[in-house]
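For this one, chain A is given, so just place chain B on it according to the hints.
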Amino acid sequence: MDKLLLQERSQSLRKKIFQSIYDGNGGHLGGSFSVIDILNYLYSEVLVFDPEKPALESRDRLILSKGHACLALYWTLAEFKYFDEELISSYGHDGSVFAGHPEYNKGSGIEISSGSLGHGPAIGVGIAHALKLRKISGRVFVIIGDGESNEGSVWEAAMSASQLKLDNFFIIVDNNGMESLDRTDNIMNIEPIDKKLHAFGFDVARSNGHDFEAIHKSFQGLINSANGKPKCFIADTIKGYGLSFTQGVAKWHSRSPNNDELELGLKELSS
Amino acid sequence: MRTALRDALLELKERDDGLYLIVGDIGFGVFEEYEKKYKEDYLNIGICEANMIGVSAGMAMNGFTPLVYTIVPFLTMRCFEQIRVDIAMHEQKVILIGVGGGLAYGSLGPTHHSFEDIVLMSMLPNFKVLIPSQPNEGKTCLELALAHEGPSYIRLGKNGEPDLSESLLSEEAGVKIYCAQPDQCDLLLFSYGPITDECIQASKILAKSGYKISVCSVLQVKPLPQSIIDICSKQENIISVEEHSTYHSVGSSLLKRISEKGHNGKFQIYGIEDKFTQVVGSRQFLLEHHSLDAKSLVTRIKVELE
Chain A
1 MDKLLLQERS QSLRKKIFQS IYDGNGGHLG GSFSVIDILN YLYSEVLVFD PEKPALESRD
61 RLILSKGHAC LALYWTLAEF KYFDEELISS YGHDGSVFAG HPEYNKGSGI EISSGSLGHG
121 PAIGVGIAHA LKLRKISGRV FVIIGDGESN EGSVWEAAMS ASQLKLDNFF IIVDNNGMES
181 LDRTDNIMNI EPIDKKLHAF GFDVARSNGH DFEAIHKSFQ GLINSANGKP KCFIADTIKG
241 YGLSFTQGVA KWHSRSPNND ELELGLKELS S
Chain B
272 MRTALRDALL ELKERDDGLY LIVGDIGFGV FEEYEKKYKE DYLNIGICEA NMIGVSAGMA
332 MNGFTPLVYT IVPFLTMRCF EQIRVDIAMH EQKVILIGVG GGLAYGSLGP THHSFEDIVL
392 MSMLPNFKVL IPSQPNEGKT CLELALAHEG PSYIRLGKNG EPDLSESLLS EEAGVKIYCA
452 QPDQCDLLLF SYGPITDECI QASKILAKSG YKISVCSVLQ VKPLPQSIID ICSKQENIIS
512 VEEHSTYHSV GSSLLKRISE KGHNGKFQIY GIEDKFTQVV GSRQFLLEHH SLDAKSLVTR
572 IKVELE
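Listed in order, the protein sequences are those of chains A and B. The opening residue of the first sequence carries number 1 in this note's numbering; numbering runs sequentially from there. The opening residue of the second sequence carries number 272 in this note's numbering; numbering runs sequentially from there.
Because the hints were derived from the structure by calculation, they are not lab data. From the three backbone atoms N, C-alpha and C, an ideal C-beta is built for every residue, glycine too. Careful, some of the hints might be misleading.
[As the list claims (entries may be wrong)] Partial selection, computed: residues in chain A whose CB lies under 10 Å from chain B:
id: 1; residue: P51
id: 2; residue: G92
id: 3; residue: G95
id: 4; residue: I112
id: 5; residue: G115
id: 6; residue: S116
id: 7; residue: H119
id: 8; residue: N150
id: 9; residue: E151
id: 10; residue: L164
[To be verified] Footprint (simulated), chain A over chain B, 3 or more residues, beta carbon under 8 Å:
id: 11; segment: 272 to 279
id: 12; segment: 467 to 474
So that you can see chain B by itself, here it is in the shape it has in the complex:
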């Protein structure tokens, strides 16, 4: 996913020479081509996230569009107040790009995991929050961020995320629909980011038992597209599946919006419960630990529907 975003950046940079990439000594094997081609518009600022955010805000005040890249918790949590004051309060167009969202850096341990970042960035006024589910969405994320007058946060996985196009049924105004149409399903799974793949796999397994599970994913989680609110408002049974804390998640925002429209069906959030992930293993292993992998989802959904 990070290389797909890199490729999109190389392409967009040709059209917008104000783009300026700042990395916090992260990105080995990712940005070498960019650095070689645009030496003047690249800075490895070192391991100093608070400073990195302030510098990006100062540059944005003076004609640049900085893209700031490092690992999610260091980008969004260590220097949250710098993001709040220097970027958000000053309404600067800075694009924060976090790599390793959720449990992507599984075996590196809980310091490198993130399940608080989306709510933190979403709370900041005028911040746009974008999360690609698959590599081919990286470019759209960058384009949406560039089209936005204010700041954006893009949360990436790591690498090796599969392309999900094969299961795609339709796409409308920011929502991708997989496996079954919402108006013909027994249950709707709402998702965003790489965990959409687990939802699709679960839906396919459940289809063999006769269940129709629609998977609806969004790329822009703040603000949520009106289309996902319209779709979910009509659903009887929704589960939001997230690689994020269940406390104040994207699902919480969705639930608020559909409740305002009179939704009175069932709504659950499957995510990371109130604990740090202090077991060691790959992302897949940790998804199983949190009962968020496809197999666990199948089990949980079967209990729900039977």
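One chain only, chain A, in its complex shape:
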């Protein structure tokens, strides 16, 4: 793993996301910035994929269940050559194929339409189960938010993943500690999330979700164990991470920068 390369890539992706939110006059900055390091790491170091063959049966499937962080997915997919990044400039404008939540099939590499929370895990279980039955090697990585785990359907899917012995199924929690209006522990406390998923039958690893060495170490422990148990990585992250004035600030859940903030942000992300 080239830590420096990953850090530079994340910085560049954050800058592009920030600019898109300004240009498109909307988007979910907080969740996009908290999840981008995880997405970057997965596409850089873990996932088996070929942008030339997006429908390859043996590919790993990445499902961004917390679909409001779509800009993080769009820019990551463009970074890894699924489509020309010029296309994303239509985001936020009439007639764009890039909606405010991902739509499957619109850009290759987007596995499912998400946006309504709590759907990704069950669809992911179905995919992982089908792949196992058909003896295809692909794995399924479903990224959910901590707020999303308020949804009961997440836990139904977790029980099924365990029951079906899906060791090709991964849940990744972007645990940024905040929901739309308030801190997660003030709304519906999900902790101890690692112990909960462990009790549901998962192999669990937990670390800082912005520290590539820590993420890498967690994945090394999870990734190669065909032990019949689904896997979970809890990424402890910070909402809006990467910009001094957006980090941990609730209003940046879905706010667009004004002209001054744009200038300030781009300057900070370029330094």
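Using the frame of chain A, we list chain B on its own:
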């Protein structure tokens, strides 16, 4: 009806090894043979309907044709948004099979009744909705669902539904005609599902008083076959008899289609009015409660025709 569908599934499974049955811990005494024969292609996923729908969509994305079976309200209403997003929006070929449609689970109480399911499933783009009137139509339903590229919903009764072949006069392009031909009748009853039997019984009773009542039933309620639209467009007096809410029923769709063709006759919908069925009893008892049994239909139709 459910055992007839099970038998059809066993037969069709021999030809299509992509079929995969998921049940929501429902189906005691129904699927044991299937489970024994096709252990690898059977899953009792437990009591988790939202999850069951998502899992079926994920499997359909990867080479399987899932058939998902449980009781109608849990299948279609509890997880309506999962059906909308995971199956319909992703255009996946999943076959939802609901048991106990309408008032079939009469004495189990209103949580187990369904009079909203058909409109809900019909509203979803590209969904095919199929409702057998009698056991021998189960196989046709499955075949139609399998031939359709998108998702389907099959609404079953429960069991013990009679075979209606004895009263069948003719059949054309998806419409079965019972008791009297539409071009020779005083009034046409449009129906689908097991309540067709009540319509036929009512027609036979009314025939003794000299009334000619044609009963036309369809198996595919969405999209409606063109033949039923053609037949009904020419009718002066139509009553749609349904084990479903009268608000936005199949009759409403039929009325829209025939109105577009210039129909200006009388059209009524007899169904479940705007209330839950909070009396306890068998399906037959509850049909009487809603004035939808054969005897009540006779009374209502006589008032209509006199």
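> Going through the earlier hints one by one, which of them does the structure break, listed in rising order?
Replying inline: Failing hints, ascending: 1, 2, 3, 8, 11, 12.
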